[in-house]
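Colleague: Now for the letters of each chain:
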Amino acid sequence: MVEHEEDGLLDRCLAGDGGAYGQLIDRYQRALFNVSLRMVGNREDARDITQTVFLKAYENLGKFDRRHRFFSWVYRIMINESLNHLSRARRTEPLDETMASGQRGPDEDCARHRLHDSIQSALMDLSPDYRQVVVLRHFAQLSYHEMSSVLDVPEKTVKSRLHTARQLLGGILTRRGIVHS
Amino acid sequence: MNDRKLQRLMNDQLDGIATPAESERLRRELASSEDARIEYRNLGGVFDVLNRAEMEDPPPDLKQNVMQAIRHRAVTVPVPVRRSWLESIKAAFRTRPAFGYAYSFAAGAALAILTFTLLSGNLLTKSGVESGPFTGTMLPASGLSHLRRTDSREFTFRGGRVLAEMLSGRDGLVARITARAPQGTEVEVSFDPGQLDAVALRQHPVAPNDVLLGSGRLSVRIRHIGESQYLLYLARRGPAGSPLRIAIHSPDGLVQGELETRAPGSGS
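Protein chains in written order, with the UniProt record's numbering: chain A, 1 to 181; chain B, 1 to 268.
To be clear, the hints were calculated from the coordinates, so they are not data collected in a lab.
The beta-carbon is built from N, C-alpha and C at its ideal position, and this holds for glycine as well.
Each hint should be verified, as a subset may be incorrect.
[Said to hold, decoys possible] Just some of the chain B residues that point at chain A, by a computed CB distance under 10 Å:
1. GLN13
2. PHE47
3. ALA53
4. ILE70
In isolation and in its complexed conformation, chain A is listed as follows:
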């Protein structure tokens, strides 16, 4: 049903109906934004990356192979953009925080905020290869099969990478006292 609807939206996009692409954005922006946020760890960068991904997907819609699922394709673009961003960020001067607007309001629950920060900082301690599998599985809720298609590696590789990533993450969280052994 969802696939069928998506096909219809893609047909309309290719026929030049911008509104149909708006519906696809509505459908995926939350998941994609969260994947990017967890990959790069910064709201502003995640916003820019998500916007770039939607633009790139739109511009390349004509090249998209309709035998594959749209979401696999767009997730793949997202992962690549996030990884590119991370490697660029390593090479260039870090921006200072003068224009950062990602701070939460004062009414935000402190404990939740702390947990959020701890999880994010633990994720950032993983290498991007391990981080992406955790993010796709736990934040985008993709199945192993879907992850295999997004990452273009066999399911077996996805599984073993994810197991190792969870083990590493467990070690980091234990050392920080977030998980007690």
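Use these hints to put chain B onto chain A, whose structure you have.
Modeller: Same frame as chain A, but now just chain B:
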């Protein structure tokens, strides 16, 4: 059962994809091994923490920005493809032999200008031609920590904000321009080339904005959604410091201002 198989069973169980037979096998393993129970509890802790992490809402203007960019690009005249450009030159060569001499002269002149430009520290860039962060001998190796902010101006307009800062040190100046502006906005920085030399330019992130750095002028036309930062490294040619002029041509109109470039403690 070896460790690897046990670990796979634990992950499958917590992932909710273990078969009833696998669940039973895991139950038996856990019942017989204290180490396995500890490992399973730890792994469960990781799942628990990850499950407690909340999804965040995307910024409310995300969709609108994308749709605006799509509309903007839809009306942009496409850049002619290189093949037709080459073909037109080849055609000119075929029909008018004198054109060949003129073309050779023009190509040689262009090469000379490019060499001079690179050697003198002036870069001329355009998105798609050279959009990477500028590195190499012209780029100062040190960071910005030895500089202090001596002046700043903030320009706000509908849908955008540009922060222009002057960072000064003993050896030189850096104009830091941080822009988040609607597509089509042009940020122009101009200075007296008799007093200041543009030594290098660095941008972050590598964004597809149109950037033009010439003698006494840096111009950035915004094409990238989101924040872009430019570091313009300048060298003083003398003690006097004429100001750096900033002009922003946004859809709202023109806003402009100046940044002081006097050396710290010069008092003049």
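Colleague: Checked against the structure, which of the hints given earlier come out wrong?
Modeller: 1
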